[in-house]
Structure formats: C-alpha cells, structure tokens
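K.L.:
Sequence lines, in order, name chains E and W. Last residue of the first sequence: number 403 in this note's numbering, and the count goes up by one each step with no gaps. Last residue of the second sequence: number 517 in this note's numbering, and the count goes up by one each step with no gaps.
Incorrect hints may have been included.
As the list claims (entries may be wrong) - Capping the alpha-carbon separation at 27 angstroms, the derived lysine-lysine pairs in DSSO-like fashion look like this: (1) 65(E) to 17(E); (2) 35(E) to 96(E); (3) 382(W) to 17(E); (4) 509(W) to 53(W); (5) 355(E) to 475(W); (6) 23(E) to 502(W); (7) 23(E) to 65(E); (8) 129(E) to 82(E); (9) 23(E) to 129(E); (10) 65(E) to 35(E); (11) 338(W) to 23(E); (12) 53(W) to 338(W).
Treat the hints as calculated values from the structure; they're not laboratory data.
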Amino acid sequence: MPSVCFYFQVHQPYRLKHYPFFKIHQDHRYFDHDKNSGIMKKVARKCYLPANQAMLRLIDRHKGKFRISYAITGVAVEQMRKYAPDVLQSFKDLAKTGCVEFLGETYYHSLAGVYDEQEFQAQVAEHAKMVQEEFNYKPTVFRNTELIYNDRIGAAVGALGYKAVIAEGADDILGWRSPNFLYDSTTPNLRLLLKNYRLSDDIAFRFSNQGWADFPLTAPKFANWVHQVSGNGEIVNLFMDYETFGEHQWESTGIFEFLDHLPAEIMKHPDWDFQTPTQVVDRYRPIAPISFGRTVSWADIDRDLTAWQGNHMQRSALQQAFDLGNEVRSRNNPAALDLWRRLLTSDHFYYMCTKWMADGDVHAYFSPYGSPYEAFINYMNVLTDFRQSVLNLKPNSDKEART
Amino acid sequence: MRILMLGWEYPPHISGGLGTACEGLTRALARQGVEIDFVVPHLFGGENAPHMKLMDSTRFAPPVTAMGSSEPRYEEQYQQPVPGAHAESILEELFIPGEVSPERAAERKEKAAAALGGEKGLIRTIRIPSYLSPYMKGLPTRKVKKKRTLPGGTTVEEEIEEFDLETGQSQTQGIILRTLKHAEDLLPAGIRALLPHSLSDDSQGGHYTGDLFSEVGQFTARVLALAKERKYDMIHAHDWMTFPAGVALKALTGLPLVIHVHSLEYDRSGENGNRQIEEVEKIGLDGADTVIAVSHYTRGLINQRHGTSLDKIAVVHNGVYSKGAIDQYRQERNWPSKIVLFLGRVTFQKGPDYFVDAAARVIPHIPDVLFVMAGSGDMLPKMVERVNELGIGSNFLFTGFLKGQEVEKMFSMADLYVMPSVSEPFGISALEAISFNAPVIISRQSGVSEVLSHALKVNFWDVEQLANLVISVLKYPELRQDISVMAGEEVRRLRWDASAVKTAAIYSKTLARFARR
C-alpha cells in the first residue's frame with residue numbers, strides 16, 4: 001500500500017536591522033523588530049493561519065487518514081510567540097490531532113551541521129526540547145537545514161538517536177534509482193526519505209506558472225501523477241516550504257482549493273494513503289543503502305551549498321562566525337550565546353548569494369537587502385560588534401542585546 | 001542606412017562622457033551596417049574614427065561647382081594611409097600585450113589590415129576643401145538694421161553687416177546663401193535667433209569656451225550647408241548644442257530627426273539651470289520624431305521637465321569598452337595606501353561635496369586611506385576649502401583635470417570608485433572604473449544604476465551610508481574581490497553592440513512612422 005508523505009518547512013529568520021559601521025561598539029541591538037514582526041504577521045495572515053486551518057479541516061474531514069509533518073525552527077516559534085501567538089496556538093491544535101509529526105532540526109536553522117558538530121548537537125537538542133515543550137512531541141525523524149545532507153551529517157544525526165533523515169532526491173546521488181522508496185543511509189539504523197523533487201516542485205514552484213505545459217494544475221491531475229507511481233514505488237515524498245500555500249503561491253492562484261481537494265483525490269485510489277515520516281520508516285523496508293558522497297541541499301538548480309557558501313563573502317562570513325564558537329561557549333553567558341546563534345541562521349548567508357541568473361531572482365525576492373553586498377556589509381558590521389564588544393560584556397549588562 | 005549625426009566632441013578631445021558615448025555608439029552602429037557621417041564643430045587631429053566619416057564643421061564646403069551640375073557635388077579627399085601616429089594608435093589598440101587566442105589574433109590581424117587600408121588602401125577620414133571662410137570673406141556686404149528675438153523673449157534691434165546677395169559675384173555662392181536664408185525662414189524663432197550674422201573665421205574655437213550660444217549658432221549654420229550635398233535617411237543629434245542644427249536640418253531637408261539626450265541642463269545645474277539652454281532643449285524635444293534617453297531616469301526627467309510624451313522617448317543605455325592597458329597599469333600599482341577615487345567634473349551635478357563629507361567620516365576609522373578628487377570644475381575651490389576646514393588634507397588629494405592615459409592610470413590605481421552624483425543621466429565613468437577592476441559605489445540618482453546589479457548603491461544625500469559603504473569596501477577584502485569580479489562580468493555584457501542594435505531598431509521604427517505620414 002503506497003503512501004504520500006507530506007513534509008513542510010516552517011521558518012522565519014531574525015532579520016538584522018540596518019547596521020552601519022558606525023554602530024560598532026555603540027549599539028548591540030542587531031535585529032529589526034518592526035520588519036520581523038511585520039513579516040511574521042503578513043505570513044501568518046497569508047499562509048500560516050489559513051493553511052493551518054485548511055490542514056485541520058482536512059484531518060477532520062478524512063477522519064485522521066490525512067497526515068502531514070512539519071519542521072518548525074526554534075527562531076520561527078519564538079517569533080510566533082512574540083508576534084503572532086494565534087499561529088503558534090493553531091500549530092498546537094494540529095499537534096493534538098495525532099495526525100501531525102514534528103521533525104527535529106537545528107533550533108537556529110543554521111549550517112552547524114557543516115561547520116561545527118559540537119554546535120550542531122547543541123542546537124538539535126535545544127530544538128527537540130522546544131518541540132517537546134510546545135507540541136508535546138519527541139522528534140524521531142530529522143530534517144537538516146534546507147535539506148543539507150551528506151554521509152557525515154548522517155552519522156552525526158544517527159548518533160543523536162534519530163531513526164531517519166529526510167533529504168533531497170538529487171539526480172546525481174540517485175542515479176538510476178527512484179526516490180519513491182525508503183533507503184538505508186551509510187549510518188546503521190538511519191533511514192533516508194528522499195524528496196520527489198519533480199512532483200514537489202510541481203506544487204511549490206510551477207503551480208501558478210502559466211507558461212508551464214501542465215498549467216493549470218488540478219488535484220485530479222496531480223493525484224493521477226501520484227497514482228502512476230503504483231507498482232514501481234512505495235512512497236511519494238512531497239517536501240516543500242509551508243509558505244507555498246498563500247505566500248509563494250498566492251491565494252488567488254487557487255492553491256488552497258487545490259490543497260483542499262488533493263487528499264480526497266489521492267485516496268480515491270484505494271491503495272493510496274497518507275503517512276508521516278516516522279510511519280513510513282516503521283511500515284516500509286529500506287530497499288538498498290545509498291551514499292551521499294557530496295553535500296546535497298534542496299536549494300536552486302545546483303542542489304548543493306553554493307547558495308550559502310558560493311562566494312568569498314559567504315565563505316568568509318561563515319568561517320568568521322563559526323570561528324567564534326569555542327570563545328562564545330566558554331563565556332558561559334546565555335544571552336551572548338543566543339545572540340551568536342541567531343547570527344548563525346543560514347538566511348544571513350543566503351542573502352549574500354551572488355549567483356544571479358535564474359536562481360538569483362529567488363534570492364532577491366526573499367532578501368531584505370538591496371544587494372548581496374549590502375547583506376554582507378551589514379552582517380560583517382554586526383559580527384564585528386559582536387566579536388569586539390558583546391563578547392566582552394558582563395553577563396548582566398547585555399540583556400538589552402536580546403531583542 | 002545613412003545617418004547624419006551631429007555631435008559636439010569626439011575623443012580624445014573631450015570634456016565629459018558625451019564624446020566617449022558617441023564613439024562607442026558609432027563604432028557599434030557601423031558594425032550594424034549603419035553608415036554615419038559624424039559632424040563636430042571642430043576636429044583637433046588625433047581623432048581615430050575609421051568606422052565612419054568624421055567631419056569638422058568649420059571645413060564644410062558646399063561644392064565649388066554649381067548645384068545641380070552633374071559634376072561630383074562633393075569632394076571627398078581620402079587620406080592615403082601613412083604609417084604615422086594614426087596608424088600606430090590603431091595598432092596599439094589592436095596589439096595589446098599578453099596571450100591571445102588564435103581566433104582573437106586573426107580578428108586583430110584583420111582589423112589591423114582594415115585600419116591600415118585593407119582592400120581599398122584608404123583610411124576613411126574625410127577632409128573637405130575649406131570653403132566658408134575664404135568665400136564668405138570675398139562677398140560684398142551691406143549694413144542693415146534687424147530685429148532679433150533672443151531666446152527668453154527679449155527683442156533687440158541691432159545694426160548688422162549682411163552679405164549682399166544682390167551684388168554677389170558668384171552664382172554658386174548666391175545659391176548657397178539663399179539656401180541658408182531659406183532654411184532660416186523655416187526654423188523656429190528660438191533657433192533663428194541663435195544663427196550668426198556671419199560665419200566666424202575662427203576655426204580654432206574650442207568647445208565650451210567663449211560664448212557657447214554663438215558657437216551653437218555657428219555650428220548650426222555650417223551644418224546646414226552640408227545637408228543638400230549628401231543623401232541621408234535620418235538626422236541624429238546628440239545633446240542640446242546640436243539640437244538647433246538638427247531641427248534646422250529637419251526643416252531644410254524634411255528628414256526625420258532623432259535626438260539623443262545624454263544629459264539635461266537640470267542634471268548639470270539643478271533648478272538654477274540656464275533658461276536659454278532649457279529652451280533649446282525643448283525646441284529639440286518638440287522638433288524630434290524620436291527622442292533617445294540614456295536611461296529610464298533621464299526619460300522620466302525629460303517627461304517631467306519638458307512635458308515630452310513618454311511614448312516618444314526610447315531608452316538606450318550606454319555600453320562600455322574594456323581597455324587593453326589595464327594589466328600594464330595594474331602592475332605599476334604600488335601605492336602604500338588605499339585609494340578612494342572621485343573622477344569627473346567638480347560641479348554640482350557630480351556631488352563632490354558628498355564625497356568630501358563622506359571622506360571626513362571614513363578617515364578616523366581608516367587612517368591610511370587616500371581620497372582622490374580628479375577633475376576640475378566650478379566647485380573645486382569650494383572643495384579645497386572644505387577639505388581644509390575639515391582638517392583632512394593629509395588624506396585628500398586634488399589632481400586637477402586628467403586626460404587620456406592619466407585617467408586610465410588613475411582608474412587602475414583606485415581601490416574604490418565613488419560616483420555620488422546628484423543627477424546623473426547615465427554615468428559611463430562607473431563602467432570604466434569597473435573595467436579597471438575597481439568596485440564602485442554609485443548614487444541611485446544615476447542612469448547607470450539601472451543597468452548595474454553588482455555595484456553598491458546609495459542615495460547621494462546619505463553621506464553616512466556612503467561612508468559606511470566606503471569603509472566596508474576597504475575593510476572587507478572579500479567584498480572587493482566578489483564585487484569586482486561580478487561587476488566585471490556584468491559590464492562585459494553591457495556591450496555597445498546591444499545599444500547599437502536598439503538604436504538601429506529605433507531608426508527603422510522612426511523611418512517607418514515617418515514614411516506613413
């Protein structure tokens with residue numbers, strides 16, 4: 001009995017405020033409260049609230065047969081708590097249905113998995129603690145930041161006791177193999193669920209593209225594509241940003257109607273059902289081991305790390321930020337530690353991406369900066385202040401830095 | 001297609017970006033198969049324009065033979081190629097040092113052959129037998145009283161000396177002058193007022209010197225003499241100084257007129273601009289069939305300032321040529337401190353004061369920086385004073401006006417180029433700086449910011465942000481590295497060829513519209 005496995009990424013970074021060089025040593029409040037609050041409220045209105053409502057309705061309508069999973073970052077939850085508590089409440093309501101799985105990840109949506117294993121473990125633990133507290137759920141499947149994965153990260157995740165990792169079904173990794181099965185990783189007892197990027201991107205990217213041959217995409221049409229997997233696959237992993245619903249694909253595109261009809265269309269075929277990642281791991285046997293010799297992500301057409309470390313600015317900023325790790329942790333100053341970790345959030349480096357061309361537009365769309373160069377400058381000024389001032393403050397005096 | 005193009009300057013004798021832009025555009029248009037006769041008020045020698053006919057307006061000669069005769073109407077004297085300075089300068093450009101691919105080498109060889117005469121054995125530089133001054137001088141004159149309306153509306157009566165056509169000795173001369181007079185009658189009053197009473201003999205008149213308006217008038221009158229002699233499809237006039245000539249030629253010949261706005265009086269002087277010049281701009285804009293603006297910024301400004309319909313204004317961004325000399329200068333760079341460069345006219349339009357104020361904010365944080373202001377202009381004394389006042393003289397250098405190789409050397413020494421223009425129709429110097437591998441900070445109030453993604457941008461009045469960006473470029477080497485590489489690639493895509501393709505399309509559209517009338 002084949003299954004559709006939905007996973008949605010929910011994340012909002014703490015965007016930095018305009019921080020010119022002259023603020024260094026003068027101002028230790030780094031974040032743009034108004035912008036972050038404004039974006040959270042806007043996305044709540046356009047996506048989180050209506051989408052959560054739609055999910056609740058579907059779970060209800062299908063009497064528990066419709067199941068989904070989320071990975072919600074710690075920094076997103078914090079901002080929901082602060083700026084849009086009704087959003088957090090509606091996720092809690094979803095958690096109570098028992099049809100929703102929450103995945104583990106790094107609390108700060110960072111690249112710690114690539115740069116600093118000690119830090120990675122700490123952030124994953126912090127995230128698991130948050131998920132337990134907020135949603136009363138203990139994560140058993142892991143999703144690293146932006147689906148960044150390689151065998152080494154697999155080993156680190158396995159060591160933390162997770163059963164499985166979800167990753168990108170990149171063509172060069174899969175070769176002739178299909179993403180529509182459960183795989184073994186190179187780490188014992190760690191399974192891999194691989195994203196079916198064609199079907200996922202049909203919804204996430206192509207849904208409203210009028211130039212696409214299959215436009216308009218309807219629920220019966222999509223369900224038909226899914227059903228074609230019958231007989232040569234066991235799972236169809238549909239992984240995407242949650243903001244697909246209402247934010248990337250606006251309500252006027254009909255994305256919510258599509259969502260509303262999709263589960264019924266898929267389950268019209270009596271063989272098909274919906275499963276969460278952990279249910280998939282429990283139900284299916286891995287058909288083969290698969291090795292991720294290179295680091296894969298779900299970003300851009302390259303599906304690698306170049307969106308975050310493709311140029312000198314990004315590599316330098318990342319290196320300098322992570323280089324502070326031992327020093328920050330040794331200060332035993334929770335406020336400074338939290339501040340530093342917020343600066344590790346991958347978005348800061350994504351904004352510095354200069355791969356213009358086709359993908360560049362996506363970067364520009366999500367960036368609060370006029371250019372990747374301004375993003376770099378702003379970040380480096382903040383990091384300089386952090387390194388030179390905040391690290392040397394007494395624990396009591398820098399409470400104001402946590403804004 | 002043959003275009004009569006009217007310009008005001010041509011490299012290497014240039015006072016701003018106009019000449020450079022005209023060179024770039026005409027070279028690329030020639031590659032599109034457009035034939036161009038390019039007229040400037042005066043040539044100085046040393047111009048290198050094998051791609052078109054570059055003409056000196058003071059040398060204009062209607063034919064010595066009578067009009068309508070079957071004799072060649074127009075005597076073209078081609079210079080034989082001499083392996084002298086002219087040829088050498090072409091060779092220099094073609095054979096830059098360093099490794100070249102076989103294809104590139106073949107291309108260069110071909111170009112060199114063409115430049116040195118190739119199949120025809122000719123360098124297409126035209127020299128026209130000088131006519132105006134000697135012949136005009138020989139004509140009898142008479143004194144008449146004439147009313148004259150000055151641009152701006154004032155009417156003055158003056159006694160002037162006029163050629164006496166009745167008793168004129170040569171029939172040919174009479175026809176020519178009657179043609180001129182006839183054309184004059186067709187002209188808008190604003191332009192008629194500019195026309196000189198007699199053509200000056202001063203063939204040395206440099207540009208932007210003396211009375212600009214009388215020079216514009218002289219140029220207009222001289223250009224009119226040309227029109228009957230060669231068949232053109234269109235007139236293309238660059239900036240207000242040539243607009244009267246363009247409008248006059250249109251009136252005389254009935255040819256369609258394209259005017260090209262590289263900058264407006266407003267860009268140069270703000271609200272306190274010269275009313276006369278603005279009036280001439282307006283005459284040009286009203287008389288043109290199509291207006292080309294160098295940026296969307298300028299297109300909007302033309303519409304705002306002169307009410308020209310946006311439908312009539314097309315945008316053609318400038319391009320850039322990369323210079324061959326970069327590597328050579330690059331190696332010579334051994335300046336101990338970081339150089340932040342301002343290069344351009346030191347005038348209101350260019351925002352030099354913002355550069356100085358930003359410098360004052362940067363210097364306390366980066367003690368070994370050197371700010372260089374290269375260029376001259378009416379705000380220079382004030383800038384020198386301001387630098388002293390701020391006490392930043394030891395980190396500030398004024399070079400005065402630079403030209404040719406000095407400019408290139410300056411660009412290649414710069415660690416950062418800043419263009420804080422208050423109002424910049426395009427800003428080709430930013431592209432030049434990039435082609436010398438310098439990162440650039442440009443004001444958002446510039447046309448070039450429309451075409452450059454890989455540049456730092458700032459509102460000209462935001463001195464604090466300008467200073468922040470300057471410090472960042474100097475402090476963070478990764479930024480400099482990434483931005484210059486990306487900008488270099490971007491600029492290589494901003495080829496003049498793209499501008500020429502667009503311009504040629506505008507010609508065709510204008511002609512088609514014109515033909516329907």
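K.L.:
Within 27 angstroms, alpha carbon to alpha carbon, are residue 338(W) and residue 23(E)?
P.N.:
Holds, because 23 angstroms separates the two Cα atoms, which is no more than 27 angstroms.
K.L.:
Between residue 355(E) and residue 475(W), is the straight-line Cα distance small enough, at 27 angstroms or below?
P.N.:
holds, 23 angstroms
K.L.:
Does the structure keep residue 65(E) and residue 35(E) at a Cα separation of 27 angstroms or less?
P.N.:
violated, 39 angstroms
K.L.:
Given the hinted pair residue 23(E) and residue 129(E), is their Cα-Cα distance within 27 angstroms?
P.N.:
Not OK: residue 23(E) and residue 129(E) at ~35 angstroms, beyond 27 angstroms, violated.
K.L.:
Tell me if the straight-line CA distance from residue 382(W) to residue 17(E) falls inside 27 angstroms.
P.N.:
violated, 36 angstroms
K.L.:
For the pair supplied as a hint, residue 23(E) and residue 502(W), is the alpha-carbon distance within the 27 angstroms limit?
P.N.:
violated, 46 angstroms
K.L.:
Assess, step by step, whether the Cα of residue 129(E) is no farther than 27 angstroms from the Cα of residue 82(E), and give holds or violated.
P.N.:
Holds, at about 19 angstroms.
K.L.:
Residue 35(E) and residue 96(E) were given as a pair; does the straight-line alpha-carbon distance stay at or below 27 angstroms?
P.N.:
The given pair, whose Cα atoms are some 31 angstroms apart, is violated under the 27 angstroms limit.
K.L.:
Holds or violated: are the alpha carbons of residue 53(W) and residue 338(W) at most 27 angstroms from each other?
P.N.:
violated, 44 angstroms
K.L.:
Between residue 23(E) and residue 65(E), is the straight-line Cα distance small enough, at 27 angstroms or below?
P.N.:
The given pair, whose Cα atoms are some 54 angstroms apart, is violated under the 27 angstroms limit.
K.L.:
Does the structure keep residue 65(E) and residue 17(E) at a Cα separation of 27 angstroms or less?
P.N.:
violated, 44 angstroms
K.L.:
Within a Cα-Cα threshold of 27 angstroms, do residue 509(W) and residue 53(W) meet the stated pairing?
P.N.:
Distance ~24 angstroms between residue 509(W) and residue 53(W) Cα, so the pair holds.
Violated hints, in rising order: 1, 2, 3, 6, 7, 9, 10 and 12; the structure is consistent with all others.
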